[in-house]
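A.B. asks: Sequence:
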Amino acid sequence: MIPDNTSGTLSDENICYGALCDAKAQVSSEAKLNIRALPWTLFYTFKIILRGEIYWLAELDDISTDGFAVVDLNTMAYLQSLRQFPQLSFTAIVSSSVLSSLSRMSARQKLVLDMTVNIIGPPELADEVGEAVAKASGYLQHPVFLDPGTPYVNPHYFYSKDEDLDLRHFIGQQQETLGITHIVEGIEDALASLDAAFTPQGSRMDEEAPTLIQQHLKSTTLKSHQIVGLEYIRNREDPDLCHPRNSDLLCLISPRYLSNPRILQCGGIIADVMGLGKTLTMLSAIVCSKQETTPVESLDGMKCESLRLTKATLVVLPSTRKNLHLFPLIAKKKKKKKKDHVVYLTRLSRFLAGALDVYDFHGRSRASTRDALLRHDIVLTTYHTLAADWKGRRILQDIGWLRVVLDEAHWIRNQSTQFFKAAAGLQTNRRWCLTGTPIQNSLEDLRSLLKFLHFDPFSEAKFFDEHIVAPLRSQADDSFRNLKALLRTFCLRRGTDYLQLPPWRTDPVSVALSSEETQAYQLILDNCVAEFDRITSGKSDSKKKYSVLFTTIMKLRRLCNHGTIALPADACRSLTPSGKRRKLKKAPSTGIEDSFCEFCSSVEEDASASLTGLDTCPECYRCLVESTNLSSGSSSRALRATNSPSDTSMSPSPSVNTPLSPLSPSGLHSGHSSKLLAVADNICMSLLDTDSKSLTLTNADRVHIVEPQWNPSAEEQAIGRALRMGQTRPVTIFKYVTEKTLEKNIVDLQQKKSRLARFSLDPTADDKAVGNLDDLKFVLDPTMC
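Residue numbers (the numbering used here): 15 to 799.
Fair warning: there could be bad hints in the mix.
[As the list claims (entries may be wrong)] Result set (PhoX-like, lysine-lysine): computed pairs, CA atoms no more than 25 Å apart in a straight line:
1. Lys175 x Lys38
2. Lys61 x Lys124
3. Lys46 x Lys124
4. Lys498 x Lys465
5. Lys754 x Lys707
6. Lys465 x Lys476
[What the hints assert, rightly or not] Simulated restraints, written as ranges between beta carbons of each label pair:
7. Thr532 x Ala148: 47 to 57 Å
8. Ile77 x Ser493: 50 to 60 Å
9. His257 x Ile549: 53 to 63 Å
10. Gly740 x Arg259: 28 to 38 Å
11. Arg548 x Gln489: 41 to 51 Å
12. Val198 x Asp176: 17 to 27 Å
13. Ser488 x Asp511: 29 to 39 Å
14. Arg495 x Ala544: 55 to 65 Å
15. Thr704 x Thr383: 51 to 61 Å
16. Thr532 x Gln489: 47 to 57 Å
17. Glu142 x Asp178: 17 to 27 Å
18. Ser488 x Lys754: 39 to 49 Å
19. Val543 x Val523: 26 to 36 Å
20. Ser174 x Glu142: 14 to 24 Å
I should point out that these hints are in silico values taken from the structure, not numbers from a laboratory.
Ideal Cβ positions, reconstructed from N, Cα and C, are used throughout, including at glycine.
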């Protein structure tokens, strides 16, 4: 029953009361359906008609009383209980994948369709319909699909106080998904509980250490939580304090280790939320250990005779060019550095002035021998360079490091990537992961970090599933005990309460496409339909279908951003020949191994098939096709324009004489994209406030999210650059979305997924930057825009 204290009012239009799930219909052998499959069709809708005492499925535009499939007896009983309400209508929802088998059915086969049934009628009958279905032992669940514009009010749903009547945000959610909400909340609670979990049992912390470190800080002061973090790192690197705690954990979780506990490694995870200064905390620990001697005889069970030992710390970054803010170290400026690195080293001077000697192991001029790296305090490298070295000379692999630090350690969450394999092969007894998101998609993300940390036996799949994951599935009262104990042993996390953030707000900016852009947008959709029809006319190939949808989405996203203007030739790089596997062996000689995004750089053999035939990477938009027309003297990795032959009709170059837009504060040419005009105008208007800044990472108070991202965490990281410790001004976040395009669907998909369980217990959970086939279809569907 719908309570009176819910917000919202029922309109006079028909509403959906919910869906009868697990329904079926047997298709008649004489059935002949005239249905055209569009590339983005996820579900087909049929009406349910009553012929005599039997309910049948019929096509929506069929005016006859005939049907093509008979409804199963259980569902028929529910529908019979509602015959007292002639105002009701029933709609059958059938998945496109289920219906596609109809065309392959022989005359002798009996095809049974799995479906759900939406019940639709006047809002004033909601409670009566709910009671009638309940008396028939039925239960109204969330619909898997509902026509846009139809409200969804479920009389069987337990509404909380002041909850909105319309439940459209639940459409597509399965009951089993809603049933694991406690798991999501439990994992979040386990991470939040780490704030107060660190209680040092003895300490290596010298009382003068903070004062010593502060002498080297130029423009900042260690905060109290950073001093606590420093103490945590020092304790986790002391075997006398670290190993007993590790043994206690093993004994707590599995008593059979009481007599013979296994020795786990030193190190751990610093998982503070963005903005709390994880990097500065780690730098402070490096300064403290600079004067230490390390007489190490073996590393992880390996004899050191084959290794060159060093007191240097290896720090692995996503990129020294794109993410200059990620690891602000200090080193004296060195001659003959590229411009990007001069800027980078200048930024380093903000913190530790002259305290550390840093070597940049990156690019063509990087060291070719181990000896060149041994005398430094810190060696910087990137995940791409690490992977290239792992496959090549293995200089970094053949050194016994004092410490290895992975910044943005979630880059190794996929154990099949070269990034993970290269990082896991490094030799050290002190391993650290810095990441604000130790669990992104699945608990398997956490196990990947444990495997890098050599935190056995928890890094072993069987042990981890038995003692960590299995208890969560049991839903027992103490099901989170082991997970909490594990995290509290080696992970430190502090929340946003330490940031003391000023107020912030989000301003959505709706952008309308011009007539030319709208025409080009529709042309891309039409080309997608034509290509999809060509594929389905032959032997069905799911990979080819995925590729067509994927490529179409990339073209549409690019059009929403850039309009009909052609991109310059140097806007993208040629990553790999179409259909071929990426080869990183040649990366050191090219000098561009850091010019790729995380997605297109981490593609492995099995996943690379999904990129075959695509023009651009889904995240960085760089070309995935190598140019064959090379002029003399050009590189084998030539740059080319991103427009494929199929794009040329919708991407003309702007006219030189294109007039300025008279209403545009930025004064940009009207030939530029509608979205970029809106962004430029917004920034120009913000310049009226001389103290306000946008698209700068140091002290911005305005954040522009120009395009909705597949992964909401990408947007959260961008916002976190401004909403960080030290911010004193109110922050405004502008989110640009083009109207009536796939961008609106991407936003809806984000909201849909955010209401689902964000953490999976499935070790095979998809962690790619793009969605599965159903997600692609949802994003492309124009009826959902």
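A.B. asks: Work down the list of hints and note, for each, if the structure agrees.
C.D. replies: So, going through the hints one by one against the coordinates:
| no. | hint | result |
| --- | --- | --- |
| 1 | Lys175 x Lys38 | violated (36 Å) |
| 2 | Lys61 x Lys124 | holds (21 Å) |
| 3 | Lys46 x Lys124 | holds (14 Å) |
| 4 | Lys498 x Lys465 | holds (18 Å) |
| 5 | Lys754 x Lys707 | violated (31 Å) |
| 6 | Lys465 x Lys476 | holds (13 Å) |
| 7 | Thr532 x Ala148: 47 to 57 Å | holds (48 Å) |
| 8 | Ile77 x Ser493: 50 to 60 Å | holds (56 Å) |
| 9 | His257 x Ile549: 53 to 63 Å | holds (59 Å) |
| 10 | Gly740 x Arg259: 28 to 38 Å | holds (33 Å) |
| 11 | Arg548 x Gln489: 41 to 51 Å | holds (49 Å) |
| 12 | Val198 x Asp176: 17 to 27 Å | holds (23 Å) |
| 13 | Ser488 x Asp511: 29 to 39 Å | holds (32 Å) |
| 14 | Arg495 x Ala544: 55 to 65 Å | holds (57 Å) |
| 15 | Thr704 x Thr383: 51 to 61 Å | holds (52 Å) |
| 16 | Thr532 x Gln489: 47 to 57 Å | holds (51 Å) |
| 17 | Glu142 x Asp178: 17 to 27 Å | holds (22 Å) |
| 18 | Ser488 x Lys754: 39 to 49 Å | holds (47 Å) |
| 19 | Val543 x Val523: 26 to 36 Å | holds (31 Å) |
| 20 | Ser174 x Glu142: 14 to 24 Å | holds (23 Å) |
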